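> Protein chains in written order, with our numbering: chain A, 25 to 180; chain B, 21 to 439; chain C, 190 to 476; chain D, 7 to 320.
Accuracy of the hints is not assured; some may be wrong.
As the list claims (entries may be wrong) - Straight-line Cα separation of at most 25 Å, SDA-like style, residue types lysine to any residue; simulated pairs:
(1) Lys315(D) / Leu388(B)
(2) Lys429(B) / Lys8(D)
(3) Lys332(C) / Arg413(C)
(4) Lys377(C) / Lys9(D)
(5) Lys178(A) / Glu147(A)
(6) Lys193(D) / Phe375(C)
Stated by the list, open to error - Chain A is faced by these chain C residues, among others (derived, beta-carbon under 8 Å):
(7) Leu192
(8) Arg193
(9) Val195
(10) Lys197
(11) Thr222
(12) Ala242
(13) Ser290
(14) Pro291
(15) Gln292
To be verified - Derived CB-CB ranges, DEER-like:
(16) Lys229(C) / Met25(A): 18 to 28 Å
(17) Lys110(B) / Glu349(C): 50 to 60 Å
(18) Lys143(A) / Gly431(B): 24 to 34 Å
Treat the hints as calculated values from the structure; they're not laboratory data.
Just so we're clear, the structure is a prediction, and the values are computed from it rather than from any experiment.
Ideal Cβ positions, reconstructed from N, Cα and C, are used throughout, including at glycine.
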Amino acid sequence: MKEIKLKVNHKDYHVAIEEDMRLLDLLRNRLNLTGTKEGCGEGECGACTVIMDGITVNSCMVMAFQAENREIFTIEGLEKGGRLDPIQQAFLDEGAVQCGFCTPGMVLSAKALLDKNPKPTREEIREGISGNLCRCTGYNKIVDAIEKASEYRKEE
Amino acid sequence: MKLHVVGQNNMRVDAAAKVTGKALYPEDVSLEGMFIGKTLRSHKPHACITIDTSRAEAMEGVVKVLTYKDVPHNHYGVLMKDHEVFCSEKVRRIGDPIAFVVAVDEEVASKALAKIKVEYRELKAVFDPEVAMHQDAPKLHGESNIVYHYKLRQGDIEKGLEESAVVVENTYVTPMVDHVFLQPEAGVAHMEKDTIVVTTATQYPHFDQLEIAEALEVEKEKVKVINAAVGGAFGGREDITLQIHLALATKLTGKPVKAVYSREESFIAHAKRHAMVMTYKTGADEEGKLKAMEARIIGDTGAYASWAINIMRKAGVHATGPYEIPNVKVDSYAVYTNNPFGGAMRGFGATQPPIAHEQQMDMLAEALNIDPISIRLTNAFKIGSKTATGQILKDSVPLRQCIEAVAEKLGFSVVSRGV
Amino acid sequence: MALREVYKPKDITEVLQLLDKYKDKGKIIAGGTDLIIDLKERAIDPEVLIDIATLEELKGIAFKGSYIEIGAATTFAEMMDHVITKEKTPALVKAARSIGSPQIRNTATIGGNICNASPAADMLPVLLALDASIILKDLEGEKTILLEQVLKGKGKIDIERNQLLSYVKFKAPVDGEGLSFEKLGFRKALAIAKIALGVFVEVENNKCKEIRIGSGAIHNRAIRESKIEDYFRGKILSDAVIEEGSELFQEEVRERLINRSSGEFKREAIKGIFTTAMKTALSTIKS
Amino acid sequence: MKKRGKGIGSIFYGTGYGNGFPDVSRSVAVLRKDGKVKIYTGATEVGQGSKTVLSQIAAETLGISIEDVIFICEDTSITPDAGTAAASRQTYNTGNAIKKSCEELKRKIIDVTVKASGADAWEEINLRDVALNHKGQILKGEGEFIAETTEMKDETGQGNPYWPYTFNVYGVEVEVDTTNGVVEVIKAVCAQDVGRAINPKLIEGQMDGGFAMGLSYALFEDLNIKNGEIKHNKLTNYLIPTAMDVPDLEKIIVEDPEATGPYGAKGIGEPVMIGVAPAILNAIYDAIGVRITELPATPNKILLALKKKREVAL
Numbered sequence: 025m026k027e028i029k030l031k032v033n034h035k036d037y038h039v040a041i042e043e044d045m046r047l048l049d050l051l052r053n054r055l056n057l058t059g060t061k062e063g064c065g066e067g068e069c070g071a072c073t074v075i076m077d078g079i080t081v082n083s084c085m086v087m088a089f090q091a092e093n094r095e096i097f098t099i100e101g102l103e104k105g106g107r108l109d110p111i112q113q114a115f116l117d118e119g120a121v122q123c124g125f126c127t128p129g130m131v132l133s134a135k136a137l138l139d140k141n142p143k144p145t146r147e148e149i150r151e152g153i154s155g156n157l158c159r160c161t162g163y164n165k166i167v168d169a170i171e172k173a174s175e176y177r178k179e180e
Numbered sequence: 021m022k023l024h025v026v027g028q029n030n031m032r033v034d035a036a037a038k039v040t041g042k043a044l045y046p047e048d049v050s051l052e053g054m055f056i057g058k059t060l061r062s063h064k065p066h067a068c069i070t071i072d073t074s075r076a077e078a079m080e081g082v083v084k085v086l087t088y089k090d091v092p093h094n095h096y097g098v099l100m101k102d103h104e105v106f107c108s109e110k111v112r113r114i115g116d117p118i119a120f121v122v123a124v125d126e127e128v129a130s131k132a133l134a135k136i137k138v139e140y141r142e143l144k145a146v147f148d149p150e151v152a153m154h155q156d157a158p159k160l161h162g163e164s165n166i167v168y169h170y171k172l173r174q175g176d177i178e179k180g181l182e183e184s185a186v187v188v189e190n191t192y193v194t195p196m197v198d199h200v201f202l203q204p205e206a207g208v209a210h211m212e213k214d215t216i217v218v219t220t221a222t223q224y225p226h227f228d229q230l231e232i233a234e235a236l237e238v239e240k241e242k243v244k245v246i247n248a249a250v251g252g253a254f255g256g257r258e259d260i261t262l263q264i265h266l267a268l269a270t271k272l273t274g275k276p277v278k279a280v281y282s283r284e285e286s287f288i289a290h291a292k293r294h295a296m297v298m299t300y301k302t303g304a305d306e307e308g309k310l311k312a313m314e315a316r317i318i319g320d321t322g323a324y325a326s327w328a329i330n331i332m333r334k335a336g337v338h339a340t341g342p343y344e345i346p347n348v349k350v351d352s353y354a355v356y357t358n359n360p361f362g363g364a365m366r367g368f369g370a371t372q373p374p375i376a377h378e379q380q381m382d383m384l385a386e387a388l389n390i391d392p393i394s395i396r397l398t399n400a401f402k403i404g405s406k407t408a409t410g411q412i413l414k415d416s417v418p419l420r421q422c423i424e425a426v427a428e429k430l431g432f433s434v435v436s437r438g439v
Numbered sequence: 190m191a192l193r194e195v196y197k198p199k200d201i202t203e204v205l206q207l208l209d210k211y212k213d214k215g216k217i218i219a220g221g222t223d224l225i226i227d228l229k230e231r232a233i234d235p236e237v238l239i240d241i242a243t244l245e246e247l248k249g250i251a252f253k254g255s256y257i258e259i260g261a262a263t264t265f266a267e268m269m270d271h272v273i274t275k276e277k278t279p280a281l282v283k284a285a286r287s288i289g290s291p292q293i294r295n296t297a298t299i300g301g302n303i304c305n306a307s308p309a310a311d312m313l314p315v316l317l318a319l320d321a322s323i324i325l326k327d328l329e330g331e332k333t334i335l336l337e338q339v340l341k342g343k344g345k346i347d348i349e350r351n352q353l354l355s356y357v358k359f360k361a362p363v364d365g366e367g368l369s370f371e372k373l374g375f376r377k378a379l380a381i382a383k384i385a386l387g388v389f390v391e392v393e394n395n396k397c398k399e400i401r402i403g404s405g406a407i408h409n410r411a412i413r414e415s416k417i418e419d420y421f422r423g424k425i426l427s428d429a430v431i432e433e434g435s436e437l438f439q440e441e442v443r444e445r446l447i448n449r450s451s452g453e454f455k456r457e458a459i460k461g462i463f464t465t466a467m468k469t470a471l472s473t474i475k476s
Numbered sequence: 007m008k009k010r011g012k013g014i015g016s017i018f019y020g021t022g023y024g025n026g027f028p029d030v031s032r033s034v035a036v037l038r039k040d041g042k043v044k045i046y047t048g049a050t051e052v053g054q055g056s057k058t059v060l061s062q063i064a065a066e067t068l069g070i071s072i073e074d075v076i077f078i079c080e081d082t083s084i085t086p087d088a089g090t091a092a093a094s095r096q097t098y099n100t101g102n103a104i105k106k107s108c109e110e111l112k113r114k115i116i117d118v119t120v121k122a123s124g125a126d127a128w129e130e131i132n133l134r135d136v137a138l139n140h141k142g143q144i145l146k147g148e149g150e151f152i153a154e155t156t157e158m159k160d161e162t163g164q165g166n167p168y169w170p171y172t173f174n175v176y177g178v179e180v181e182v183d184t185t186n187g188v189v190e191v192i193k194a195v196c197a198q199d200v201g202r203a204i205n206p207k208l209i210e211g212q213m214d215g216g217f218a219m220g221l222s223y224a225l226f227e228d229l230n231i232k233n234g235e236i237k238h239n240k241l242t243n244y245l246i247p248t249a250m251d252v253p254d255l256e257k258i259i260v261e262d263p264e265a266t267g268p269y270g271a272k273g274i275g276e277p278v279m280i281g282v283a284p285a286i287l288n289a290i291y292d293a294i295g296v297r298i299t300e301l302p303a304t305p306n307k308i309l310l311a312l313k314k315k316r317e318v319a320l
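In isolation and in its complexed conformation, chain A is listed as follows:
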């Protein structure tokens, strides 16, 4: 048992963890943020993607104790005042959501990509989400949505 402090979605947490716990287990089981999903447990599918200190990581490949004093963003942290983030809105507008299991990870990869490269080409978008596997959409409408999101973000 170990106590750690970390910030998740702008909120400070002081939480007890097990030494062998993964960041994914900490988010889902201790903080009940079940929007972050586990699709493979091997760092392959990206369904567990979160943003840690500004960069995307597979939270199944980060130990919980490694998150001490770091800032984490999960899908639940994107809405501001009940209003969807432009990326979430673009995913809805472009029909980029089907079963939804890859969507949280996909949205966060898109956010990290756009934060670094506000006007990416379709190829750059494809590389930006190349760590997020999807079996339903065939990716094209997700690429459309991220293109649309870069326009929405410009207007803000």
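For chain A, the structure is supplied; the task is to place chains B, C and D on it using the hints.
Chains B, C and D in isolation, oriented as in the chain A frame:
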């Protein structure tokens, strides 16, 4: 008829909950005081077994270890009841469920699995469906491994082939593949007075309800299936995986029980697309008009039938492709082997034959020096066409329109054969 | 899993003390992208994890005289964006970019890639081509050793349990020297290398003065293909010579992988990927 | 060397369980106190979009907006059985059942309002008012639809196993690297017969998803089963395409309304996936003159087939 909602790009009614992470998939559901369940699966393809769960049951934190002895009616299956909820005497594939540990948490459940002793007395196994069809091959269920044989006959195949200017013969092989829906199987079961409630992700909640009720020998109304958000299916969630295990566990312990499969367990637990060996002989006249098509399709349904009968029938009906062929002979078989079991996957038996018939068409075209578009337009179904089963296509047959649209967009023309 | 203690040390000395204290019960974790899978599959069963992911002393890329030194905890994403690697060793950037996915590149480190010692590791062929060395520290001091000498086999690396792989260093390529990286994978991302090659070549008055070929996924570890190197040294690197050398390489691969199911394929494919790697290396030479 | 080739794959697909297997969907439409309408049916949303498409069919039949339809399909104790979310049957089969249940509800509402206010033109009727003023039993309509399918004869397979049939054609252009056998799909077109598009954007999503799954079936996927054991049993060795492996797809929706379909709609969930692999295999042949007859067409299979072709040619 002016339509104002049909034809519109309405926003998906379920998208907002999914894009905000609020949608609840079964693994996201946790109940007060719940136990964790884990399945022990066979790692031998064909063996007689004896099970000793005593050391697991004695472990601290283990609530119960379920085996076939706990199951009122140990048989289930979508068509044939050839599955066992837990294997009693024999395992027929790697991954067959043998026991289900119910424990206070994940770690105890995993440790307990390792404490269950299974003695395997290996039996001769068969993995090649063509070998499995022989009388002397090891049998999995009953007297024969041939689950089903579909016959399609139209016209006179010999005459058709003789009259053909060109006949092309080849064998095509497609492997078993997996649905890889992103959300691994998960479920939570709990009691609401005397009703068993199973929350899971399934393609047919009412059928899961029926199979649970039959296995536990309770009335259907005493079972309620809640279909949480489903993380993709593609046919892979038509067969039972953990639903009966969870229902039985909650019924016998009175406490909520949750199980979540790892990706590796998902790979060995659920059905696969049937592997098929398809031998085709197709004949056409000088102008590329199809005269005859003979196909022998062998489907490997692995250790259990699941939808093999409907799937191999669909393969047989669709073996011709969307073309009018006067003389047709098709035999499609579903055969048991000790491979993982074959079941529904997107296309349900009609996905494999096009790998054959569309390449046969191109080979005929090449032999007759016709381009691939023309040979398809010559034979393509249209309103009034008769299929090989004698069915008249009476309405909405825009196949030629589809071929022409694709040909035009891709700039198809007679192209060199890559020589 | 009997993991009892986890540490996030503030500096290298504290890391070394922990390593010395726990010896084979302690394990370094940086990106964790290989280690956590090993933990899950019980391939390893450490009692103590020592996290160096955020240890500034072990991060960063810098010139040390004519050498470039990379901290072992530097991630592939950092290597892809750094002015020195982008300017001096674009092949190393290409190798980093070919690894896994953005999420993996944001956490996986060059030190981790070396210590995991996968035969198909994407970074090792280029580092071998650069004749890189690694700096190992322990409580007594530090030692510099050629990377090639520590790679012993699949997952086997010759580093003591109380030693910390701290830096990787290699001479920065200069005028007259070229470097390339080529990888054959079955997917455009999240692709394990089927063949990986790093080629360093130095040309002087049109002759091959020095050549180093690092290979991955065609042996039980990343190695230097010395037999092929010997063929090229001193020759004019014409198309015909490259053709001949590539056919020698095919023969070498055929023998080496004679009873491997992938042998026939890799023997066929090595010709094209090696030819591309050679020609690219030559094209990067600035005279 | 990189060589290019084009290929086509055209297929047909009979939707529904088929061969006389009972293919039944049921639905109940209930007028709520606030004038909205609840639809109860067991049809499952697995990601394919049925909850939205079926809500649109209900809204169209009742002349209301989709926001006024509350779609309930998650609980077996309050929903009638509507069969599996499979066989590309939900839009067609349950769509018809929902349309019938809404038509019955509409008839009951008209009966009630004619008695109360004489108005019988549906456009003039305001459901909120009807719900508020109506005192009697709650107004609901039930609908059932059974697909047209007959059992085929055992010996000859003659009969009408499926109805309707849906058609799909893919055309692709591939580039094959003859030094390593890697295939890249550089251009792709899909023409999908839909009868009538209930929601075009959702159909496009199915076409994109079917295309990626078909491409994966042709080039990537193999469980690699040896002696009954799945060797490719993890996402690291069982490969499916990443976003970088799938090109953009040109999508042509072909409408030719089918008389028995709800507003002419047919099922498309499976056909959108089936024409891809054959088209890719034909394109590979067109590029390098090599027939891959055993899936998947991985680089090693293609490279060794090219080698054999060269040796045969000598």
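> Please flag the earlier hints that this structure goes against, numbers listed from lowest up.
none
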